[in-house]
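Put together the whole structure using the sequences plus the hints.
Residue numbers (the working numbering), protein chains in the order written: chain A, 1 to 263; chain B, 264 to 647.
One should not assume that every hint holds.
[What the hints assert, rightly or not] Lysine to any residue pairs mimicking SDA-like chemistry, simulated, CA-CA at most 20 Å apart:
#1 A:Lys102 <-> B:His606
#2 A:Lys250 <-> B:Leu456
#3 A:Lys250 <-> B:His529
#4 A:Lys250 <-> B:Asn603
#5 A:Lys196 <-> A:Lys102
#6 A:Lys250 <-> B:His607
Quick caveat, the hints were computed from the structure, so don't treat them as lab data.
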Amino acid sequence: MKNSRRSFLKISGLSALSLSSLSIGNVLASSAGVTNTSPIGDASVKPEALQAKKWAMVVDVKKLAENKRYEACIEICHKIHNVPNMPNKRHEVKWIWEDEFKHVFPGQEHEHIPDEFKEIPFLVLCNHCENPSCVQACPTKATFKRDDGIVLMDFHRCIGCRFCMAACPYGSRSFNFFDPRPFIEEVNPEFPTRMKGVVEKCNFCAERLAKGQQPACVEVSEGALIFGDLGDHESEVSQILKKRFAIRRKPNLGSGPQIYYLV
Amino acid sequence: MLERALSGGKRYWQFVTILMSIIGVGVICYLFQLYYGLGITGMSRDVSWGFYIAQFTFLVGVAASAVMLVLPYYLHHYKVFGRITVLGEFVAIAAVSMCILFIAVDLGQPQRILNVLLHPTPNSMLFWDMIVLNGYLFINLIVGWNALSSESKGVPPPTWVKPFIYLSIPWAVSIHTVTAFLYCGLPGRGFWLTAILAPRFLASAFAAGPSLLIIICMILRKVTKFDAGQEAIQMLSKIVTYAIIINVFFFLCEVFVAFYSQIPEHMDHIKYLFVGLHGHGVLVPWMWTSMILMLSAIVLLIIPATRTNERTLIIACVAVFVGTWIDKGLGMISGGFVPNPLHHVHEYVPSLPEIMITLGIYATGILILTILYKIAISIKEEVE
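Dropping the structure here:
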């Protein structure tokens, strides 16, 4: 009895020591100017990780309508992120989905819009705002903005107050009204599943960027979605936006959405 | 002090038993919700706040209205309110307790509630709401309890309580202001995005709270020996009159701004509530009932003959209370979520377990109020 207690204390003391030295290491690493942007929020960045000053996405609406890859985009995203398929629409969880022009850009529709625009699907997802209202509203910092502009969720800190859902002007957030796990067809072990009572949304594939991969929807879009760094003037997204006119959802609110729609 | 709550007549214990059984049903429904998730309520991805948050908003108002007794009594030495000020403070205690419970049952992960303290976030209005609500609860506990215990001993209240009394006045205003700020600072919700939301909340609070107190005073006169006095009730009725008129006036200001400016995102929510939108309008009959109740209460309260007649006064007070409850406890929250940010119309209707949990919390509040009032009335009867 005594022995096991002593060894327990030893082990716990040792692990506490190693933990603290680890965190000291992290602090030193970041202060040495290695980097302060991190893939999921921790301080370890692998050399292959994609990094940026300000991530953004350009949606080539016409191309997407032509190549009809929008369903593939939605499918791959929901599959790799373990997004459940809830039977009741009220409890729907979605990270990326399609809607019509008049719903994506309410107030901008008029009867003389070309028919092609009325019909074609627009992909909508989290706008990873420069000035996110959800981050401002969250009482626990469970949702936060990374230095590279990505707005993320800490599923373990979220208390499920849903203030962020009321704050988001784009309806981009979903709440787990029930345990989502029984409604995931095939669990991807590479990405965490969620529990009931927490909010979730698109994460710009932060876990893929950390491994040097493009977001999954971009990868399957066959060039209709372009992802890159708006902080870099030479990047593809910067170059496209210089040449072609793009609109954003509700720009008048000052939230600074980072999804640009080419029209 | 507390021992007085344990000695009561048959009717007292019957009432407590009824409340306890309602609380019991509420607790069972809550355990059900805790196990399965908030999906058992009527809330949805689009209407992500429902009945719980609406009741919370309404009751913050009821709690804040104690200031309508505290301010005339302590700042203007209006002695008539001396007998009932503690009753107002106890209403505040019961109402704030209900508010905190409504927030707690609305959380998806209630066991993580302390994260709000572990990771304090001053840019979140919910953080401030937690501070002001808990603060108001403690201030009223300190003030009410000390006032009552010194009354039972026949001595004046200790002087150290005075600063808390004065603090309770701006604090009462702050709880409802911060609660309005939860909603009116959100950029994408046109219904709430109005600077008049906090003043409007306060006006409806100062109508609903004092009208509830008048109803309570009349009940107390029937079931106990305690009489608040004609003059106090008449003064309360004047407060209700002004407040309900200002509340309706503020609402009409909202309607003017929305419909004269013709900005769709401001008009659509009011249209949804009062005439329906794209064929959806479950709240339309409720909202008109609310308007009719408030307007007829104004008529009854303005005419001196019906205001001074206690029969018509009590009708007016019930009309004010129910009217403002529909306005805030039904329309205010779900009205802000319909239509949604993508301009789809998905309606909200509370589910049965949701209503049972709500009733359970109301019963808890009434139980707290009953126990506090039992103590207060016993002391007042002993002193007399």
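Between the alpha carbons of Lys196 of chain A and Lys102 of chain A, is the straight-line distance 20 Å or under?
32 Å, violated
Could you grab the alpha-carbon distance between Lys250 of chain A and Leu456 of chain B and see if it respects the 20 Å cut-off?
Holds: Lys250 of chain A and Leu456 of chain B sit about 15 Å apart, inside 20 Å.
Take a quick look at whether Lys250 of chain A and Asn603 of chain B sit within 20 Å of each other, Cα to Cα.
14 Å, holds
Lys102 of chain A and His606 of chain B: Cα distance at most 20 Å?
It holds: about 8 Å lies between the C-alpha atoms, which stays within 20 Å.
20 Å Cα cutoff - pair Lys250 of chain A, His529 of chain B
15 Å, holds
Keeping to a limit of 20 Å between CA atoms, is the pair of Lys250 of chain A and His607 of chain B held or broken?
16 Å, holds
Comparing the model with each earlier hint shows a violation of hint 5 alone; every other hint is respected.
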